[in-house]
Amino acid sequence: ADMKLKHDSEYVIDGKIYGLPEAKVYREDYNGPAVVGDYLTQVPNIAKLDYEGNKTHDVRMDVFSQKIEVAPGVSYSAWTFGGSVPGPVLHVREGDRVIFKMKNRSDEEVTITKPVKNGSPFFQQVQANNYQNNQPVINPMPHSMDFHSGTVAAEDKWRTISPGETIEFEWIANYAGTYMYHCGTSSVLMHTAMGQYGAVVVSPKDGYPTDKDVDHEYVLVQSEHYLEEAAEGNYIYNHGAALDRQPSHVTFNGHVAALSDNPLRANEGDRVRLHVLNAGPSGTSSFHVIGAIFDRVWYEGDPRNEWYGMQTVLLGASNSATIDFIVPEEGIYKLVDHEFADAERGAAGALIAGPR
Amino acid sequence: ADMKLKHDSEYVIDGKIYGLPEAKVYREDYNGPAVVGDYLTQVPNIAKLDYEGNKTHDVRMDVFSQKIEVAPGVSYSAWTFGGSVPGPVLHVREGDRVIFKMKNRSDEEVTITKPVKNGSPFFQQVQANNYQNNQPVINPMPHSMDFHSGTVAAEDKWRTISPGETIEFEWIANYAGTYMYHCGTSSVLMHTAMGQYGAVVVSPKDGYPTDKDVDHEYVLVQSEHYLEEAAEGNYIYNHGAALDRQPSHVTFNGHVAALSDNPLRANEGDRVRLHVLNAGPSGTSSFHVIGAIFDRVWYEGDPRNEWYGMQTVLLGASNSATIDFIVPEEGIYKLVDHEFADAERGAAGALIAGPR
Amino acid sequence: ADMKLKHDSEYVIDGKIYGLPEAKVYREDYNGPAVVGDYLTQVPNIAKLDYEGNKTHDVRMDVFSQKIEVAPGVSYSAWTFGGSVPGPVLHVREGDRVIFKMKNRSDEEVTITKPVKNGSPFFQQVQANNYQNNQPVINPMPHSMDFHSGTVAAEDKWRTISPGETIEFEWIANYAGTYMYHCGTSSVLMHTAMGQYGAVVVSPKDGYPTDKDVDHEYVLVQSEHYLEEAAEGNYIYNHGAALDRQPSHVTFNGHVAALSDNPLRANEGDRVRLHVLNAGPSGTSSFHVIGAIFDRVWYEGDPRNEWYGMQTVLLGASNSATIDFIVPEEGIYKLVDHEFADAERGAAGALIAGPR
Ligand SMILES: [Cu+2]
Ligand SMILES: [Cu+2]
Ligand SMILES: [Cu+2]
Ligand SMILES: [Cu+2]
Ligand SMILES: [Cu+2]
Ligand SMILES: [Cu+2]
Ligand code: NA
Ligand code: NA
Ligand code: NA
Ligand code: NA
Ligand code: NA
Ligand code: NA
Ligand SMILES: [Zn+2]
Ligand SMILES: [Zn+2]
Ligand SMILES: [Zn+2]
Ligand SMILES: [Zn+2]
Ligand SMILES: [Zn+2]
Ligand SMILES: [Zn+2]
Ligand SMILES: [Zn+2]
Ligand SMILES: [Zn+2]
Ligand SMILES: [Zn+2]
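Protein chains in written order, with our numbering: chain F, 1 to 356; chain S, 1 to 356; chain V, 1 to 356.
No wet-lab data here; the hints were simulated from the structure. All C-beta atoms in this analysis are idealised placements derived from N, C-alpha and C, irrespective of residue type, glycine included. Treat the hints with care, as some may be off.
[Said to hold, decoys possible] So these bits of chain F aren't anywhere near chain V, every CB distance computed over 12 Å:
#, residue
1, Tyr51
2, Asp58
3, Ala242
[Stated by the list, open to error] Straight-line C-alpha distance at most 30 Å; calculated DSSO-like pairs for lysine-lysine:
#, chain 1, residue 1, chain 2, residue 2
4, F, Lys205, V, Lys212
5, F, Lys67, F, Lys4
6, S, Lys101, S, Lys114
7, F, Lys4, V, Lys212
8, S, Lys212, V, Lys4
9, F, Lys212, S, Lys4
10, S, Lys48, S, Lys205
Use the sequences and the hints to build the structure in full.
Rendered as structure tokens:
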């Protein structure tokens with residue numbers, strides 16, 4: 001980890017930095033881009049780490065509501081980080097420091113799809129997303145941010161802020177892996193089911209052993225949706241169904257067709273790497289690629305948790321795995337939650353492989 | 001793996017062969033034995049690999065319907081591979097090649113229990129099965145075959161064929177482990193729940209470290225059944241229950257009493273090896289043997305995924321484990337899914353141990 | 001293991017002792033303390049192993065009923081080991097021998113909270129428990145004891161005894177790890193859901209690699225409760241809900257507020273060790289500590305199953321993990337089953353950390 005201690009409170013155990021300064025909550029007159037940061041992308045994309053050594057990242061993800069489509073004819077007023085479900089993928093390296101800022105703009109109409117000055121690469125990618133094309137909604141609500149990648153006092157950094165407030169805090173990427181982030185405001189079941197989750201990929205300092213052979217790298221976030229129709233095409237969250245673990249939809253990357261309409265791409269003979277996060281909020285995922293076997297699985301993304309030759313990897317709620325597989329032939333490879341009740345509810349996608 | 005490349009399209013990565021020729025679909029005038037192959041058995045049996053080095057296996061498993069009993073007084077018209085649920089166990093060695101043929105005979109009455117010339121050892125074993133004794137049913141339906149043990153383009157090899165058609169393709173056992181096979185025709189939830197699944201055991205080239213101490217070796221396939229009564233004793237598949245993950249029965253080897261009426265056998269002091277596959281289609285299994293602790297668990301059957309001293313192993317849908325345990329004393333050892341809602345629905349069996 | 005074979009029937013494989021003598025079932029005129037043993041505590045406590053080498057433990061846990069509170073205003077007549085839900089935590093070392101005695105006193109009123117001569121440290125700790133304060137209930141019922149930590153013939157040692165009977169048997173802690181114990185009398189789903197489960201911690205002979213750095217050590221037992229209101233505040237077990245896997249409550253250590261009203265304690269910079277057991281009876285647990293990352297996870301408690309840097313550990317029904325994490329800052333750390341449908345039903349608690 002970055003041994004340069006930047007604050008008086010900081011201390012080091014096993015090369016990891018703890019004891020970060022208290023979060024600041026304040027009001028700012030800000031209506032700039034809702035997502036700021038060079039290493040923020042929309043799923044399934046992941047930013048390239050084009051720097052050596054450790055870095056301090058200034059990251060902003062504002063909270064606001066957007067009308068989001070989950071399946072054809074099924075839209076709801078989502079609570080979002082940065083205007084998309086899942087929220088932006090943040091990519092950093094083990095040991096990096098993140099200075100994070102989030103304004104609760106749930107009481108504003110916020111525009112996301114137009115790329116903006118100082119905005120993140122995330123914006124161009126959202127524009128290509130057919131299902132999440134900037135339909136702002138006002139829905140004032142307290143919210144918060146909990147990064148599983150951070151080791152901090154939650155009741156300080158992950159604290160709930162009101163509409164109009166901004167929170168600012170730091171965290172260190174002490175442990176490599178792929179992590180969930182989500183709103184931790186009660187009911188967490190509701191706030192995550194409403195759309196407030198995403199992935200942080202913390203690449204290990206010394207990489208994974210197959211890094212040099214990887215041809216394509218993608219991020220997948222699985223999640224359940226608990227929706228019921230309120231009016232023609234307009235759906236609302238169903239808390240009873242969420243408590244009973246009866247999802248209406250289960251998706252990869254937020255839409256039942258996200259990865260069929262826009263499949264992942266590779267070629268025969270390629271080594272493909274997937275960072276798969278099961279965001280829940282409650283179910284497990286038995287992740288499988290039809291026609292492939294996982295050559296390597298790094299459970300939770302830690303290179304020391306290395307497993308081999310797996311047909312399927314089981315992920316609990318907020319578990320992840322970093323997976324390598326060889327694309328055996330030109331063709332179409334379906335990705336599924338092999339819990340077929342969930343695949344049938346939408347947890348399916350595709351990778352299309354061209355010739356060698 | 002077998003480095004002798006047999007087809008122009010083949011290529012090798014890390015000693016594994018990819019790029020197999022296109023599947024062939026044709027009509028053949030065939031009414032011979034529905035299961036052909038020397039290394040095919042009925043659960044819980046597993047064939048002995050009585051050859052050195054690599055082998056090319058010619059395997060046939062035809063698809064057709066049979067009336068199958070799942071519990072006393074509960075029968076349904078199953079869709080089957082080879083006439084049994086689960087289908088035949090195929091045993092090969094890492095690096096072997098399988099030339100697979102399957103005729104969709106769902107429009108025919110097919111007889112299975114009588115051993116036939118050129119038939120598989122599978123047939124003798126089915127005869128000893130009280131619950132699956134040859135009651136042919138005609139139920140014309142498109143079907144397919146997806147071997148998790150194969151690394152191929154699924155939309156080619158695992159393609160759906162119509163009644164009367166035969167498909168032929170090859171796959172290489174590139175990775176050791178115990179794998180699910182199943183029909184991949186939509187709705188996969190329905191086709192697997194109807195009975196179309198089974199296990200392939202790919203023994204590792206260099207074996208498992210305790211191979212020389214193993215006294216008995218068995219295969220267990222857990223699965224859920226979603227049945228409702230249509231007429232006295234006659235049950236049909238309930239898709240709503242399958243989507244809601246509310247099984248009517250959960251079984252080991254296809255019947256709630258399969259392993260109680262015909263328990264596994266061993267003796268005090270024996271090392272018993274189980275290849276356990278959870279075929280789902282949706283649930284997890286918390287596999288446990290009452291009175292024993294798993295000395296070794298090779299997760300997904302890969303010898304590199306070696307765990308120790310486990311009371312219970314958790315399997316996602318289409319996960320497997322190869323398990324060793326010592327039989328501590330003469331007596332009866334119950335096998336259960338320790339998710340007791342499922343044990344109570346039938347996921348239980350027994351091993352009976354004689355004296356040392 | 002302890003190589004001193006104490007009975008003619010005993011034998012050794014890989015340093016583990018098998019072949020223990022037959023259980024004895026008899027009637028005794030006993031109305032002394034219901035829990036006897038120096039290494040028995042109430043969750044979240046764990047006894048210190050203040051001896052060198054191997055030990056033979058004489059342990060008693062009688063069975064009887066108690067009115068137990070699961071949530072504010074929700075009490076039921078629990079079937080218990082030793083009068084608490086979960087039952088006492090037993091701590092032994094790998095290789096130790098346990099001589100276990102259990103009287104089925106379900107036909108008696110048994111008092112537990114007053115410390116008694118020859119009683120266990122367990123009693124003082126139960127006195128501090130607000131929810132389980134000695135409200136005896138008579139509920140005659142056959143019961144049994146199944147220790148997952150023992151390797152024995154279950155139909156002998158784990159056999160069911162009637163009210164008024166005592167069973168006595170031995171088991172050897174052949175494998176390190178944290179294990180479930182429970183009543184194995186049919187319906188096991190009902191007997192465990194009624195309260196008959198607890199944890200045995202078998203510390204490895206050579207310890208875990210971080211032992212010398214551990215500051216605090218606790219035991220957590222997660223379980224589901226399937227209760228419905230029968231009369232004002234009086235709840236009864238709902239077998240249909242248990243079969244359908246629809247818990248009314250999910251708890252850590254037996255009460256939705258057990259670990260909020262009496263949080264775990266540590267300080268900033270401490271290494272905290274948790275032995276987490278998911279007792280089910282049916283559900284999985286995606287165990288997570290909000291604000292922390294698990295530095296080490298020994299799956300099932302075996303030091304050879306060492307994983308790293310995990311945000312969440314997935315436990316099947318009767319799986320366990322021994323977990324180390326660093327407390328990053330002064331503050332409050334919530335423990336949750338990150339399957340938020342279950343967290344919302346009560347699977348949540350807290351650790352409070354003081355300053356360094
Ligand atoms: Cu929120
Ligand atoms: Cu979380
Ligand atoms: Cu089929
Ligand atoms: Cu499959
Ligand atoms: Cu009992
Ligand atoms: Cu058990
Ligand atoms: Na990690
Ligand atoms: Na799932
Ligand atoms: Na494998
Ligand atoms: Na199960
Ligand atoms: Na163990
Ligand atoms: Na759970
Ligand atoms: Zn700073
Ligand atoms: Zn929120
Ligand atoms: Zn490529
Ligand atoms: Zn060929
Ligand atoms: Zn089919
Ligand atoms: Zn034997
Ligand atoms: Zn003795
Ligand atoms: Zn009982
Ligand atoms: Zn302390």
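Going through the hints against the structure:
no.	hint	in the structure
1	Tyr51	holds (22 Å)
2	Asp58	holds (22 Å)
3	Ala242	violated (6 Å)
4	F:Lys205 / V:Lys212	holds (27 Å)
5	F:Lys67 / F:Lys4	violated (43 Å)
6	S:Lys101 / S:Lys114	holds (21 Å)
7	F:Lys4 / V:Lys212	holds (27 Å)
8	S:Lys212 / V:Lys4	holds (27 Å)
9	F:Lys212 / S:Lys4	holds (27 Å)
10	S:Lys48 / S:Lys205	holds (14 Å)
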